[in-house]
Amino acid sequence: IKVPMGVVEAVNGNIKNLLRRGRGYKNLHYLLLKAQRMAVTRTEFVAFRKAA
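Counting along the sequence shown from 1, when you hit position 10 you're at 10 in the working numbering, and nothing is skipped either side.
Some hints could be false.
[What the hints assert, rightly or not] Straight line, CA to CA, 35 Å or less: simulated DSBU-like cross-link-like pairs of lysine-lysine:
1. K16 with K26
2. K2 with K16
3. K34 with K2
4. K16 with K34
[To be verified] Across the chosen pairs, the derived CB separations fall in these ranges:
5. K26 with G6: 30 to 38 Å
6. V8 with L32: 15 to 23 Å
7. M5 with K26: 31 to 39 Å
8. Y30 with M5: 14 to 22 Å
9. K2 with K26: 36 to 44 Å
10. P4 with K26: 34 to 42 Å
11. R37 with V8: 12 to 20 Å
Hints in this document: simulated from the structure, not taken from any laboratory.
Yeah, the Cβ is synthetic: ideal placement off N, Cα and C, and Gly gets one too.
Make a model of the complete structure from these sequences and hints.
The following block contains the structure:
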């Protein structure tokens with residue numbers, strides 16, 4: 001499957017944003033859970049958009 005470049009850029013931007021905001025987190029596990037949730041939500045959104 002070829003992923004559109006805009007999706008890749010959006011995911012990279014989300015990762016950078018999380019890292020920027022997550023500098024003060026003392027609980028790394030919580031930060032990783034937020035990143036996983038954001039990635040899954042974005043992937044499901046793209047899948048639903050393609051199916052429609």
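Okay, the hints, checked on the actual structure:
With a C-alpha separation of about 18 Å, the suggested pair K16 and K26 falls inside the 35 Å cut-off, and the hint holds. Between the alpha carbons of K2 and K16 the distance comes to roughly 23 Å, so the proposed pair stays at or under 35 Å and holds. A distance of roughly 26 Å separates the Cα atoms of K34 and K2; the hinted pair therefore holds under the 35 Å criterion. Pair hint K16 plus K34 holds up; C-alpha atoms about 13 Å apart against a cutoff of 35 Å.
For K26 and G6, the hinted distance range of 30 to 38 Å is satisfied, since their beta carbons lie about 34 Å from each other. One distance hint, 15 to 23 Å for the beta-carbon pair V8 and L32, holds here, with the actual separation near 20 Å. The supplied range of 31 to 39 Å is met by M5 and K26, whose beta-carbon atoms lie about 36 Å from each other. Here the CB-CB span from Y30 to M5 is close to 31 Å, at odds with the stated 14 to 22 Å.
About 40 Å separates the C-beta atoms of K2 and K26, a value consistent with the hinted range of 36 to 44 Å. The hint said 34 to 42 Å for the Cβ distance between P4 and K26, and at roughly 36 Å that hint holds. A hinted range of 12 to 20 Å holds for the C-beta pair R37 and V8, which are about 19 Å apart.
In summary, the structure is inconsistent with hint 8 from the numbered list given earlier, while agreeing with all the others.
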